[in-house]
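**Student:** Given the coordinates of chain A, work out where chain B should sit on it, guided by the hints.
Residue numbers (the numbering used here), protein chains in the order written: chain A, 7 to 119; chain B, 1012 to 1122.
Take these hints with a grain of salt, some might be off.
[As the list claims (entries may be wrong)] Residues from chain A shown here face chain B by an in silico Cβ test under 8 Å; the list is partial:
no.: 1; residue: T21
no.: 2; residue: M47
no.: 3; residue: A108
[What the hints assert, rightly or not] List of simulated lysine-lysine pairs, BS3-like, C-alpha gap at most 25 Å:
no.: 4; chain 1: A; residue 1: K15; chain 2: A; residue 2: K63
no.: 5; chain 1: A; residue 1: K63; chain 2: B; residue 2: K1090
no.: 6; chain 1: A; residue 1: K15; chain 2: B; residue 2: K1053
no.: 7; chain 1: A; residue 1: K63; chain 2: A; residue 2: K77
no.: 8; chain 1: A; residue 1: K77; chain 2: B; residue 2: K1056
no.: 9; chain 1: B; residue 1: K1056; chain 2: B; residue 2: K1090
no.: 10; chain 1: B; residue 1: K1053; chain 2: B; residue 2: K1013
no.: 11; chain 1: A; residue 1: K15; chain 2: A; residue 2: K77
no.: 12; chain 1: B; residue 1: K1013; chain 2: A; residue 2: K15
no.: 13; chain 1: B; residue 1: K1090; chain 2: B; residue 2: K1053
no.: 14; chain 1: A; residue 1: K77; chain 2: B; residue 2: K1013
no.: 15; chain 1: B; residue 1: K1013; chain 2: B; residue 2: K1056
Honestly, the hints are just simulated from the structure, not real lab data.
From the three backbone atoms N, C-alpha and C, an ideal C-beta is built for every residue, glycine too.
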Amino acid sequence: NAGVTQTPKFQVLKTGQSMTLQCAQDMNHNSMYWYRQDPGMGLRLIYYSASEGTTDKGEVPNGYNVSRLNKREFSLRLESAAPSQTSVYFCASSSVQWGTEAFFGQGTRLTVV
Amino acid sequence: RKEVEQDPGPFNVPEGATVAFNCTYSNSASQSFFWYRQDCRKEPKLLMSVYSSGNEDGRFTAQLNRASQYISLLIRDSKLSDSATYLCVVTVYSSASKIIFGSGTRLSIRP
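Extracted from the complex, chain A is given alone in its bound form (with noise of 0.2 Å):
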């Protein structure tokens, strides 16, 4: 049981590029959402998605998109990168409605230069 895949682990960009963060669960949770942890920071909610075919704007979605390709992946897209989004992204699943924890991926750590 994989629970919480998120890929890559590491990336550097210059500032302009995009990418994609892709995550994938498999265990059949509702509920989907990107977070961001700056260093010495806790998380912050980039944006969610409570069911497949939904997305909702977090705390910090500004220079994001996201996609719920399906119930198991939701991914995020950094359209035009800057040195502010370096961080380190954390993608989570839950089952919401039956208020049982979040499982998380071991996170992208991403460098924007």
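**Tutor:** Quick look at chain B alone, frame taken from chain A:
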């Protein structure tokens, strides 16, 4: 005002001490509550759920006060391995349910 607020710490306590963390949440629609632990440069992992009646797991005790919108975590007989960041987590059920994390409290246990 943040939806979930925690004292950022850091807490620096000797091994064997008892330490308590507090957390407040602002959304009265919040329905599920958790404490997560995050080690340096790793993903957060569930430490324990928090129930209205209070619950205990070994050296860890969690309490929830819905009237005051307050959550606590007590660690007794702390170990060096308890050094980590502890995150208070609240789930809000609405038209679009979501999970909100506090910014975390850093704990460092010294020998």
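**Student:** All hints, please: hold or fail.
**Tutor:** Hint by hint, here is what the structure shows:
1. T21: With a minimum Cβ separation of about 24 Å from chain B (threshold 8 Å), the hint on T21 of chain A is violated.
2. M47: This hint holds: M47 of chain A lies near chain B, its Cβ roughly 6 Å from the closest one there, short of 8 Å.
3. A108: At 5 Å from the nearest chain B Cβ, A108 of chain A passes the 8 Å test, so the hint holds.
4. A:K15 / A:K63: holds (24 Å)
5. A:K63 / B:K1090: Violated. K63 of chain A to K1090 of chain B sits at ~39 Å, over the 25 Å cutoff.
6. A:K15 / B:K1053: Holds, at about 12 Å.
7. A:K63 / A:K77: holds (18 Å)
8. A:K77 / B:K1056: holds (22 Å)
9. B:K1056 / B:K1090: holds (18 Å)
10. B:K1053 / B:K1013: holds (24 Å)
11. A:K15 / A:K77: Given that 25 Å is the threshold and the Cα spacing comes to 22 Å, the pair holds.
12. B:K1013 / A:K15: It is violated: about 29 Å lies between the C-alpha atoms, which goes past 25 Å.
13. B:K1090 / B:K1053: Distance ~19 Å between K1090 of chain B and K1053 of chain B Cα, so the pair holds.
14. A:K77 / B:K1013: violated (30 Å)
15. B:K1013 / B:K1056: holds (22 Å)
In terms of the numbered hints stated before, the structure departs from hints 1, 5, 12, 14, listed from lowest to highest.
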